[in-house]
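Engineer: Top to bottom, those sequences are chains A and B.
Residue numbering for the first sequence follows this note's numbering, beginning at 1 and increasing consecutively.
Residue numbering for the second sequence follows this note's numbering, beginning at 1001 and increasing consecutively.
It should be emphasised that the hints constitute simulated quantities derived from the structure, not laboratory data.
Think of the CB as a built atom: it goes at the ideal place given N, C-alpha and C, for glycine as much as any other residue.
Each hint should be verified, as a subset may be incorrect.
As the list claims (entries may be wrong) - Part of the chain B face toward chain A, derived, beta carbon under 8 Å:
1) Phe1045
2) Asp1056
3) Glu1104
4) Gly1108
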Amino acid sequence: GDSVTQMEGPVTLSEEAFLTINCTYTATGYPSLFWYVQYPGEGLQLLLKATKADDKGSNKGFEATYRKETTSFHLEKGSVQVSDSAVYFCALSDQDNDMRFGAGTRLTVKP
Amino acid sequence: GAGVSQSPRYKVAKRGQDVALRCDPISGHVSLFWYQQALGQGPEFLTYFQNEAQLDKSGLPSDRFFAERPEGSVSTLKIQRTQQEDSAVYLCASSLVLAGAYNEQFFGPGTRLTVL
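Produce the complete structure using the sequences and hints provided.
Structural biologist: Printed below as a string of structure tokens:
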């Protein structure tokens, strides 16, 4: 079945460092891809999305491009801030609306 | 309310007890989803409603798990005869409409269930 594999954490970076969190997927169809973020003590929030190949999702300085040829949706940010410290989940959804999540990557940004 | 709410936020149960977890979706949202998130893992799909109809319950781990949404709004996830392996955070999400492959779900804060 459909699945998502993302980079294991935890990831610790200094403020203003470049961030990449890898995500690859397996799907039989043409899913939509998502990154969700979970800040401490809060619920999951949609960070960005891409609904078809070559789409680039972006929000709050984060970007991810839907790469069908490599079945990837890597999350990047050029300069992280302390406030970006959170757990990041890559996810996919097919037409059955069954959302599949990766295991999550915990990011800690130090000042 | 402004977002999805869940209650209680924390629940401690003795093994064998029944528990009921409540979800209040965003007003007007047609679809409602339940997920189970074990410690250190991503959410795992449990079940899905469109209005009051339960369209998919393939993720429910056993017949001890039961979910309902009788009036197409509030939903309750019930776990009978809880076991230690049921300890997890239970997340509820709602979405406005079904739209083919695109589905933005809004999540509640979750209920952390601990079974002793």
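Engineer: Each hint: holds or not?
Structural biologist: Consistency of the hints with the structure:
Here the hint on Phe1045 of chain B is kept, as its CB sits about 5 Å from the closest CB of chain A, short of 8 Å. Here the hint on Asp1056 of chain B is kept, as its CB sits about 7 Å from the closest CB of chain A, short of 8 Å. A hinted interface residue such as Glu1104 of chain B counts as satisfied when its beta carbon comes closer than 8 Å to some beta carbon of chain A; here the least separation is about 6 Å, so the hint holds. Because the smallest distance between the Cβ of Gly1108 of chain B and any Cβ of chain A comes to about 5 Å, under 8 Å, the interface hint for this residue holds.
The structure meets every hint from the earlier list without exception.
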